[in-house]
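Enquirer: Residue numbers (numbering that gives the first Met the number 0), protein chains in the order written: chain G, 0 to 441; chain U, 0 to 410.
What the hints contain is simulated information worked out from the structure, not anything from laboratory work. Hints may be right or wrong, so weigh each one.
[What the hints assert, rightly or not] Below, a sample of chain U positions facing chain G; criterion: calculated Cβ distance under 10 Å: (1) T192; (2) F216; (3) I235; (4) F316; (5) I320; (6) A323.
Here the structure is a predicted model, which is why all the values come from computation and not from measurement. All C-beta atoms, glycine included, are put in the ideal place defined by N, C-alpha and C.
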Amino acid sequence: MRRLFVLALLLGGMQLIFPLGTQGQGGHALLVFGFLVLAAYTVGEIATLVGIPKIVGYLAAGVVFGPSALGTVTTGAAEQLTQVSQLAVALIAFLAGAELRWSEVRERGVLLLKMMSAELTLSFGAVFALLYLGRGWIPFFRDIPDLHALVFSLLFAAVAIVHSPAVTMALISETEARGPVARTTLGVVLLSDVAVVLLFSGVMAAARILVPPSGSAAGPSIGALVWEILGALLVGTVIGLAVALYLRFVHRELMLFAILVAFFGVEITTVTHVEMLLTLLAAGFVAENISRAGEGEALRHAMERSAAPVFVVFFALSGAKIDLGGVAELILFVVPIALVRMGAIWAGTRVGARWAGARGPERRYVWMGLVSQAGVAIGLSSIIAGAYPGVGDALRGLLLALIAVNETVGPILFRRALDVGGETQGSTEVISPSRGPAPVGV
Amino acid sequence: MSASLILILVVAGAYLAAHVAFDRLAHRFNIISGAEYLLLGILIGPEVAGLISAGAADSFAPLRTLALGWIGVLVGTQFYVREMIRLPGVLYRVAFFEAILSLALVAGAMIAVLTGVLRLPFAESVMPAVAMGTIATVSSPSAIGLVARRLGRRAPLVLQAEIASAVSTAVAISAFALLLCIVHPGGGSTARTPTPTEWAVITVGIGCVGGALFHLFLGGERKVDRLFIALAGAIILASGAAAYLRLSPLLPAMLVGVILVNTSKNRAEIRQVLVGVERPLYFVLMLFAGVAWRLDVGNWIVPVAAFLGARVTAKLFSAGIAAALNGALPVLGVHWGRSLLGQGGVALAIGLNYATYENTRLASVVFTATIASVLLTDLVSARLAESVVRPQMEQKRRAAVAALAASAGEE
Chain G
0 MRRLFVLALL LGGMQLIFPL GTQGQGGHAL LVFGFLVLAA YTVGEIATLV
50 GIPKIVGYLA AGVVFGPSAL GTVTTGAAEQ LTQVSQLAVA LIAFLAGAEL
100 RWSEVRERGV LLLKMMSAEL TLSFGAVFAL LYLGRGWIPF FRDIPDLHAL
150 VFSLLFAAVA IVHSPAVTMA LISETEARGP VARTTLGVVL LSDVAVVLLF
200 SGVMAAARIL VPPSGSAAGP SIGALVWEIL GALLVGTVIG LAVALYLRFV
250 HRELMLFAIL VAFFGVEITT VTHVEMLLTL LAAGFVAENI SRAGEGEALR
300 HAMERSAAPV FVVFFALSGA KIDLGGVAEL ILFVVPIALV RMGAIWAGTR
350 VGARWAGARG PERRYVWMGL VSQAGVAIGL SSIIAGAYPG VGDALRGLLL
400 ALIAVNETVG PILFRRALDV GGETQGSTEV ISPSRGPAPV GV
Chain U
0 MSASLILILV VAGAYLAAHV AFDRLAHRFN IISGAEYLLL GILIGPEVAG
50 LISAGAADSF APLRTLALGW IGVLVGTQFY VREMIRLPGV LYRVAFFEAI
100 LSLALVAGAM IAVLTGVLRL PFAESVMPAV AMGTIATVSS PSAIGLVARR
150 LGRRAPLVLQ AEIASAVSTA VAISAFALLL CIVHPGGGST ARTPTPTEWA
200 VITVGIGCVG GALFHLFLGG ERKVDRLFIA LAGAIILASG AAAYLRLSPL
250 LPAMLVGVIL VNTSKNRAEI RQVLVGVERP LYFVLMLFAG VAWRLDVGNW
300 IVPVAAFLGA RVTAKLFSAG IAAALNGALP VLGVHWGRSL LGQGGVALAI
350 GLNYATYENT RLASVVFTAT IASVLLTDLV SARLAESVVR PQMEQKRRAA
400 VAALAASAGE E
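The following block holds chain U by itself, in its conformation from the complex:
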């Protein structure tokens, strides 16, 4: 049987199983769905059951790239400046500080682990450590979204967590894309290989020029069906250009999304088109990520465990520090970082991009760490987020009741 047929049958079976069993479980135990596809991908991939060979898995590369590009554009559409400037700047300062600090802490910790435990030379450990840092930086909005929907009201913490999630994703994608520019393997048929700086300019150029051109191309088109064709073409082109140049498709696509959402009058329709395809592509990405998983390094347990530990510590610590330095600790609380522990699709996208990139160091370890983190946090992130949001809600409720009682006593 062909690999494609197996994959189709598995996706269909997985979806049905997820529908019957996992959805109920997820709802009951506050689990973020999607992890089941990742697990299934691992199970049918070359490393476990071998239903899909490594070669067959590689043949899905264009779809994988498209999924990365689509996710990138979706991330970019969160940054609508007119809405952003309505919110206090402190929210962004806290988010940005938290993201940068998390990246630096995890990257630093992983350099120490890789050089100390795996005995890698410093120069060789920097690349996987920074990649892990970028992956660790990502905070998924799913958990906080689930909690916000469940509790039905908006707390300051929820807003801060949502902004922190968006900012940390943007920081992670940008840092990762720059990392790939630095380690770019070269190639092509030019007389001189571009320098890392030139690759960085090209990466940003694809996003900015592409975004501007696609803005002109889409014009005021409001019919969703027609917009879908044009938008799909634009995303495929931008992701394809980046993949062809061996750059990360995530950053150019994100920039395309930022430009489109800020310059187009039809931003609502654009978002509608993008969101309409988000879930299918997210599942596809999860599945391909599982299929692409390999484990070709003996000593992987220590770095993976270290990554998990370093990430949780760094996230909690940097969230607290960021809030304290910006005077937001009384509002957010010391433990608000718990709401940022979810990893989600973008972290997996970065990990997958790293794992399938040429000349990367410790690709399987980095990807295994990513998968472990995604699986673990999908299980617990919603509960952790709820553990910090609920008390805040309770506090607000009690304050409101006390105020009401006080006013009734006065009367």
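In isolation and in its complexed conformation, chain G is listed as follows:
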């Protein structure tokens, strides 16, 4: 309550000084950035008090202070803070990669692969079928030819199945969960991140052939797509090796080094045209797995420390980008899609777990960790809008509304999964050794 009062006073103070200042020297962006950190932090703490994950609080703060509501964070200011978001994604990806141990990959790789395959296949099919068969009810799908509806439904489904490594990592960091539900969810999310990039690229390439975008240049070649993925693994491995060398021979100023690695990752992927998330995942994985015991952990801790305010702002900015009006307009279409997607994820993980012979809590609870969506999905929806002005824009609106719903519901569900899986403090269920496998490689 005290913090809310302080926040209100700070907001009042900002309104007082706004007429006196100018935009130069990045002062406005810093002012908004600082306020957003404090606001998101406060709402995040309040969310924790009522049993909701902090990141939902950060998102809520973004919505409240964003352009849709109070307008403290203007669209321009949010754009100025894009670099912070990129930095956050890079840090998240590196940390996520560093969470994976080689021993765990060897031991649980088949399980993860099977769960991911089943889950992605079912959810892709279900969302595609729903949209294509229900096209008569969706305003912008009614009047387009069947082939176009087919292609756009495929594109929509390719984005709708994307998960959120950011939310997964943020919640695992927040709860310090290290059990089978957390690790399996993280593994599936990371693997599926590679798979959906490939799938989306393939669907997009097919879409360009079947429904050529009006007046746009040709899409990326197969070679470029292959480079985007393989190049990411290559660049990521090189970065990971460099990080491991630094940790072994220098091992100082880890906080500055962590930020530099993340910034470097963002920049180098732009220059080399490789997939950023995958690059930093690979970098984190390599660095962690070839470093000596304790070295990688020290870097991870430094990274988590420096990332903390960046995460807060990343999720708050994600919230600020939610268009409340747009979501409200499309809510009637979005809710059935979200429910079907959720159902398909649930069924997919059950099928995948049974296929792999998993009997632990991951069989029952991992689906709850796969509902969240955030940055990657938003990025892919923008690619569709860029390629197909008109229908693509409408499709992006629908996707953003879906992402907004999943972004809000997903973390709550994942937190619940970790609670009932007995992997957080104050969990409602404690797993006995006989009920599930022990955490591996942690």
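Got chain G sorted already, so can you dock chain U onto it with the hints?
Expert: Only chain U this time, still in chain G's reference frame:
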């Protein structure tokens, strides 16, 4: 290749080079580290290699402002009143007198040089001269800290130098912030531009109100990770507010630091968080300062040389006078001012703030003088400090030995 990528590669390369070579050299020759980043920034900046263009350098403005704010808060946390009042008042009187006298002497000397040599009208020379005065006032605690660590014992001179460093920094930051209020270019969308006095009140207001609100906001939070988020938000907000209003972020941030350290129960944790980020931000500041360096004035050698000379003379003279007027000369010695010659990060922060501020006069000359002073004093300040601390230590040791010998003779 993008400017950011170059900067990242250079920082990484510089750090590794510094680790391999400079650290050993610095340790062997008593050099304060940090100057290598400044030099690297100059080398890759638009004025030398041009790897980073002027536009790209400007795009780092928010980070620069954040670094200034963070340094300001750190300066403020040195002023914990409960600890300060345990020390004799004469230490503060000497420090304050030395700082004010240094400021006045250097500002006066520089007005004379700028009007006499550069033929600037008096009104135009006051602003850069006072800015140089404030920069000259700053004494870095690094050299004296290094010497104190090396000699392993505390002498009265070390304590006096540490207090003088803190006080001179506070005086310099305050004077500089007030200078920016006086020369404020106006702007904004109000019907009337605030007067310098009103800008000064706003500057202090941001610091005091911000400090009070952040104190309430942080509460009794003791978990360092959570404190880091809240503290980072507070510093970003305070520095951003000052930069948005085109005021110096240093003074409001310093006031936030003073208020937080004096009102919060968790001051130890607050300091821990701030100090944890000090070195990375210090390096970043050094590098950005180097990148921001420009030289667009032909006749710069005379004012820069005059500044260096005036500063050394003013510091030595005012330290001696301050000690003499307060009766501390027998304890501190005539040459104790040598321990105050280091410049360090805060001087550079002030110089950078001046150089990147709108409508400033002779910005490149003032900044060049600052950089020259920082580079030179980083090389020699530790040796100079040692040259006055070591004899005092020796004297104390000899006195102790003599006392011991006398007592043994009596027995």
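Enquirer: If a hint holds in the structure, say so; if it doesn't, say that too.
Expert: Hints versus structure:
Interface hint at T192/U: satisfied, since its Cβ lies 9 Å from the closest Cβ of chain G, which is below the 10 Å cut-off. For F216/U, the shortest C-beta to C-beta distance to chain G is roughly 5 Å, which falls under 10 Å, so the interface hint holds. Because the closest C-beta pair between I235/U and chain G is about 3 Å apart, less than 10 Å, the hint holds. Among the interface hints, the one on F316/U is violated; its C-beta lies about 37 Å from the nearest C-beta in chain G, farther than the 10 Å criterion.
Taking 10 Å as the C-beta cut-off, the interface hint given for I320/U is violated, the closest approach to chain G being about 39 Å. With its C-beta approaching chain G no nearer than about 43 Å, A323/U sits outside the 10 Å limit, and its interface hint is violated.
Checked against the numbered hints above, the structure breaks hints 4, 5 and 6 and satisfies the rest.
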